[in-house]
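Student: With chain A held as given, fit chain B onto it using these hints.
As you go down the protein sequences, you meet chains A and B in turn.
When the first sequence is numbered by the working numbering, its final residue is 433 and no position is left out of the sequence of numbers.
When the second sequence is numbered by the working numbering, its final residue is 433 and no position is left out of the sequence of numbers.
Mixed in with the good hints there might be a few duds.
Because identical chains share one entry, a pair is satisfied inside a single copy or across any pair of copies.
Derived EDC-like pairs: lysine to aspartate or glutamate, alpha-carbon spacing no greater than 20 Å straight-line [stated by the list, open to error]: (1) K336 with D420; (2) K374 with D147; (3) K336 with D147; (4) K302 with D160; (5) K302 with E143; (6) K302 with D389; (7) K336 with D193; (8) K135 with E63; (9) K336 with D160; (10) K302 with D277; (11) K135 with D52; (12) K336 with D391.
Simulated from the structure, these hints should not be mistaken for lab results.
There are 2 protein chains.
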Amino acid sequence: MDKKLFQHTSAPLRGKGIGVSATALGIADASAQGWSILHEDVSLPAAVLRHEALLHNLEWMRRFTAAYGVHLAPHGKTTMSPELFRLQLQSGAWGITVATAPQAREAWLAGARRILMANQLVGKANMAIVAELLRDAGTELFCLVDSPDNVAALGGYFRPQALRVGVLLEIGAAGGRTGVRDAAQVHAVIAELARWPDAVQLAGVEVYEGVAPDEAGVRAILQHTVTTFQQLHQAGALARRPALVSGAGSAWFDVVAEEFSVLAGDPGIEVVLRPGCYLTHDVGIYRDAAKRIHASNPVARQMGSSLQPALQLWAYVQSRPEPGKAIIALGKRDAAFDAGFPVPALHYRPGTAAPVAAAGHWKITAMMDQHAFLDVGDQDDLRVGDMLCFDISHPCLTFDKWRHLLVVDDAYTVVDAISTQF
Amino acid sequence: MDKKLFQHTSAPLRGKGIGVSATALGIADASAQGWSILHEDVSLPAAVLRHEALLHNLEWMRRFTAAYGVHLAPHGKTTMSPELFRLQLQSGAWGITVATAPQAREAWLAGARRILMANQLVGKANMAIVAELLRDAGTELFCLVDSPDNVAALGGYFRPQALRVGVLLEIGAAGGRTGVRDAAQVHAVIAELARWPDAVQLAGVEVYEGVAPDEAGVRAILQHTVTTFQQLHQAGALARRPALVSGAGSAWFDVVAEEFSVLAGDPGIEVVLRPGCYLTHDVGIYRDAAKRIHASNPVARQMGSSLQPALQLWAYVQSRPEPGKAIIALGKRDAAFDAGFPVPALHYRPGTAAPVAAAGHWKITAMMDQHAFLDVGDQDDLRVGDMLCFDISHPCLTFDKWRHLLVVDDAYTVVDAISTQF
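Extracted from the complex, chain A is given alone in its bound form:
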């Protein structure tokens, strides 16, 4: 099987976490180098994507959303990788979700022509970036609105340019993040939209259910979203055909699929889910979510397999200053640390046959910019120069630490590389 998955950008391969080469390489050259993590061909720390797990997750989510008859617009903010965006689009994604105007441009440059900016679009320069994309007649772009002020700003910007931006009314929750809180706010937004039909098109309704504190709260805001959507749809307020309804971060996408499935059969409606972390998954917040999903969601149960952690970090033991402590050359510059520290998965001593499972009691207890503190047993055989492979929690804040990630096979040989464009 050809493991060179990606259409590459022309980005030079430069910086940390790549193989050492006597000549200047582009990112497309990585696949031909034969670099092996275990042979120490790569400067550690390095971030790697497990090829098989990545493809498994891609297919898992394709089947899951297909089973519910819903569309997928993966949140691109997670990876911000043109190569991964293309992979997701080739795998049938309806579009790419982003959080900002510069991210929208990156998604467009990677080939997305349906872009869901799951955020308010604010500021002239950000609107100018979006305007540039909208001038391409083949591009649909939707942003969120939750205030008349923002609708007026969008209308005032796009009308003089004879452009029309799609918007989704964002449903919020009291104490939550963005989004309208009550009927009065809905009406105020709808009233302002009526002033700008040529410049701001209400295409549907959106919610980010992740602000709710628990499953009951998640279901409540989703049901409220369905109700609001149906009211607007039946009132003819949604100008796009089919009308859009969108929800789902990476933790509750199954519940969103369930709750929105009442709308999914209607040809006049497109249900769009937008998880971002499924592609790499993790062993922290999203593994916890997957456990809940497999315990409760019938489609996931029927599919048997689950998402697999595909993003790992390799690093060296750099110091063993005290018996129960190892200092690892891996820091806040390399890994997310806001939702649990990296978790040792494998231990490899260069020159030995193969990695072995890391001891279950090895645990990172603190991280600095460029170091991690690993608690180990006083008698454990862990030496300076040994390599550790870590699983991670929170892919988003790990991806943004890397300009390149290496794609590896099961033997941790580099078969490809991807770039990020944060």
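Tutor: What follows is chain B alone, placed relative to chain A:
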């Protein structure tokens, strides 16, 4: 005065936090665009460096270290900016400090020919990167050692290549990070070094005092470092002339200067301090440090002025969903959040004359990947589309969120830009 400070790389200007242009720009083009933050020419969020404050801080540290007769090798891991490295070198820096081999390469590419890698050098690929730099006869590079295993690995790698790497013995503290803990560990390292005189040169002694819990602890480890240095120096164990002694992160550089001043007058000794955050300073951990410094350090008191916060973030209010809450389009993707959240400094409503001071009670209470939650008063006049300028805490973890930072004058007009190479 010419505000174009920098020798630029050829990096394309792409991504977030830059001005909108119809044509593809390189980073060297930014100065000619006349972009104004206040006129909304720039996509927010954006990271800006205040030109005058940057130059002030540069000069302040030059004078401070000169007063103590010590050298400066600014820690490059903070900014990882070739433009800023060159500025520091032009301002008289002895060299550039880094934390990893890829960072060492970036420092070298930016022009540094004395590179202090204030970390252990581990792994074949990392050693290969360093070997490439050492083949330039005009380059001196020093890394840290704290174990015989690491010394043996360095010797085994560099001897066959007929290269010699400089090393500093790292002094550690019980319960701390890296570094030797006791005389037995010192002797073990020295004994191993004796096996590799041609390949591993003991050039001096290093300490990172920031692992100590308080000033008494900091002074104790510094004094222990001086004693160890003197013993090794007098024993003829330090092969470089002048011998090196180095300490100082960004919080205790004054105390390091004081404690190491007993060595600074000796022409056979080079004292090298390596703070990294002084160049941009902050309003969090390093402002706290500056307060202590000005209360206790006679040189700093005599200099009168203090370091100034030079790194700021501009962002939009994107939603005002509840009376006491504003949602800001600024997240963990844009700012450090591990040592205090960004602090509102200025409030600007596009179209008005000038920014005003942000209300003192406005406070970020939480951050998500792309959003910040700002507590405001129920009656405060803060609208969707308003701009806020934030000071930050922890420059290191802010810089690494940006591939470009704009340099601005006091009116927040863009006068230049810098790149980062994380």
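Student: All hints are to be evaluated individually against the structure, with a verdict given for each.
Tutor: Each hint tested on the structure:
| no. | hint | in the structure |
| --- | --- | --- |
| 1 | K336 with D420 | neither (31 Å within a copy, 48 Å between copies) |
| 2 | K374 with D147 | neither (51 Å within a copy, 41 Å between copies) |
| 3 | K336 with D147 | neither (57 Å within a copy, 37 Å between copies) |
| 4 | K302 with D160 | neither (42 Å within a copy, 42 Å between copies) |
| 5 | K302 with E143 | neither (43 Å within a copy, 48 Å between copies) |
| 6 | K302 with D389 | neither (34 Å within a copy, 41 Å between copies) |
| 7 | K336 with D193 | between (54 Å within a copy, 16 Å between copies) |
| 8 | K135 with E63 | neither (43 Å within a copy, 27 Å between copies) |
| 9 | K336 with D160 | between (55 Å within a copy, 16 Å between copies) |
| 10 | K302 with D277 | neither (31 Å within a copy, 65 Å between copies) |
| 11 | K135 with D52 | between (47 Å within a copy, 7 Å between copies) |
| 12 | K336 with D391 | within (10 Å within a copy, 51 Å between copies) |
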